[in-house]
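> In case you want the letters, here they are:
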Amino acid sequence: KAGVTQTPRYLIKTRGQQVTLSCSPISGHRSVSWYQQTPGQGLQFLFEYFSETQRNKGNFPGRFSGRQFSNSRSEMNVSTLELGDSALYLCASSLGEAGTGTDTQYFGPGTRLTVL
Amino acid sequence: AQSVTQLGSHVSVSEGALVLLRCNYSSSVPPYLFWYVQYPNQGLQLLLKYTTGATLVKGINGFEAEFKKSETSFHLTKPSAHMSDAAEYFCAVSDLPPSYGKLTFGQGTILTVHP
Chain P
1 KAGVTQTPRY
11 LIKTRGQQVT
21 LSCSPISGHR
31 SVSWYQQTPG
41 QGLQFLFEYF
51 SETQRNKGNF
61 PGRFSGRQFS
71 NSRSEMNVST
81 LELGDSALYL
91 CASSLGEAGT
101 GTDTQYFGPG
111 TRLTVL
Chain H
1 AQSVTQLGSH
11 VSVSEGALVL
21 LRCNYSSSVP
31 PYLFWYVQYP
41 NQGLQLLLKY
51 TTGATLVKGI
61 NGFEAEFKKS
71 ETSFHLTKPS
81 AHMSDAAEYF
91 CAVSDLPPSY
101 GKLTFGQGTI
111 LTVHP
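Listed in order, the protein sequences are those of chains P and H.
Per our numbering, the very first residue in the first sequence carries number 1; after that it's consecutive.
Per our numbering, the very first residue in the second sequence carries number 1; after that it's consecutive.
A portion of the hints provided could be inaccurate.
[Unchecked claim] Straight line, CA to CA, 30 Å or less: simulated BS3-like cross-link-like pairs of lysine-lysine:
id, chain 1, residue 1, chain 2, residue 2
1, H, K49, P, K1
2, P, K57, H, K69
3, H, K49, H, K69
4, P, K1, P, K57
5, P, K1, H, K69
6, H, K58, H, K68
7, H, K68, H, K49
8, P, K13, P, K57
9, H, K58, H, K69
10, P, K1, H, K68
[Said to hold, decoys possible] Example chain H residues on the side facing chain P (calculated, C-beta under 8 Å, incomplete):
id, residue
11, Q42
12, A54
13, S94
14, I110
15, T112
16, P115
If you are wondering where the hints come from, they were derived from the structure by calculation, not from laboratory data.
Quick caveat: nothing in here was measured; it's all calculated off a predicted structure.
Beta carbons: idealized from backbone N, C-alpha and C, even for Gly.
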């Protein structure tokens, strides 16, 4: 099975612009979670989508949004970029069963976003 | 809110030596625990996870971890380090049910292996 893929792998943007990142989950996985990784804050949960619905959300401002399509592919959008948004953005897919917490998340390679 | 503490942001060992990476969690109920590894410019790869049952969990690449409820710990060990083990390791805890895709990670431990 193909793993989780993320595009693009690298992005450079300037402050004030917006950006859209894409994530294709493992075939059969219906849940996609997004994380931000920075040297200062570490790995932080952004949100999770399942069957095109956001089921969970972390503590990020409304500039961070996402969506999921009927084929489970997901996109994440950041509007009005700030310097502090520079980070590695990781998505992870899982089966999305029941929300028990036992689901294994499989991570993609990430998108490295640099905001100038 | 759940939290995870990894003691030691950097650990250095010699090739062939024991690897011990420490993880403590804060949770009012027994959580589900995970160890992930991240190699440079890559995503996270699952090493092992504890959900229920046997408290000693074996993972890939010779790693194992023991869940100790009394100590709220889930330390990762490997009897003999290889050069290829050099990477960053993250301990994570699943949110309380319903968890809906949220993992809370520790700050990570960079493992260096010397020849």
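> Against each hint, give a clear statement of whether it holds in the structure.
Now the hints, each set against the structure:
Proposed proximity of H:K49 and P:K1 is supported: the alpha carbons are some 21 Å apart, at most 30 Å. Restraint check: the Cα-Cα separation between P:K57 and H:K69 comes to about 28 Å, which is no more than 30 Å; the hinted pair holds. For the given pair, H:K49 sits about 15 Å from H:K69 by alpha-carbon distance, which is consistent with the 30 Å threshold. Our distance criterion of 30 Å between C-alpha atoms is met by P:K1 and P:K57, whose separation comes to about 29 Å.
Annotation: proposed proximity of P:K1 to H:K69 is violated, straight-line Cα distance about 36 Å (limit 30 Å). Between H:K58 and H:K68 the alpha-carbon distance is near 15 Å, which keeps this suggested pair within the 30 Å criterion. In summary, the hint linking H:K68 to H:K49 is supported, as the alpha carbons are separated by about 14 Å, within the 30 Å threshold. Using a Cα cut-off of 30 Å, the hinted pair P:K13 and P:K57 holds, with the two alpha carbons roughly 25 Å apart.
For the hint pairing H:K58 with H:K69, the CA-to-CA distance comes to about 17 Å; that is within 30 Å, so the pair holds. A distance of roughly 35 Å separates the Cα atoms of P:K1 and H:K68; the hinted pair therefore is violated under the 30 Å criterion. The criterion of a C-beta within 8 Å of any C-beta in chain P is met by H:Q42, whose closest approach is roughly 6 Å, and the hint holds. The beta carbon of H:A54 is not positioned within 8 Å of any beta carbon in chain P (closest approach about 15 Å), and the interface hint is therefore violated.
A cut of 8 Å between beta carbons decides the hint on H:S94: the least distance to chain P is about 3 Å, and the hint holds. At a threshold of 8 Å, the smallest CB-CB gap from H:I110 to chain P is about 12 Å, leaving the interface hint violated. Interface hint status for H:T112: violated, as the beta-carbon distance to the closest one in chain P is roughly 17 Å, over 8 Å. Checking H:P115 against chain P by beta carbon gives a least distance of about 27 Å; that is not within 8 Å, so the hint is violated.
The structure fails to meet hints 5, 10, 12, 14, 15 and 16 from the earlier list, while all remaining hints are met.
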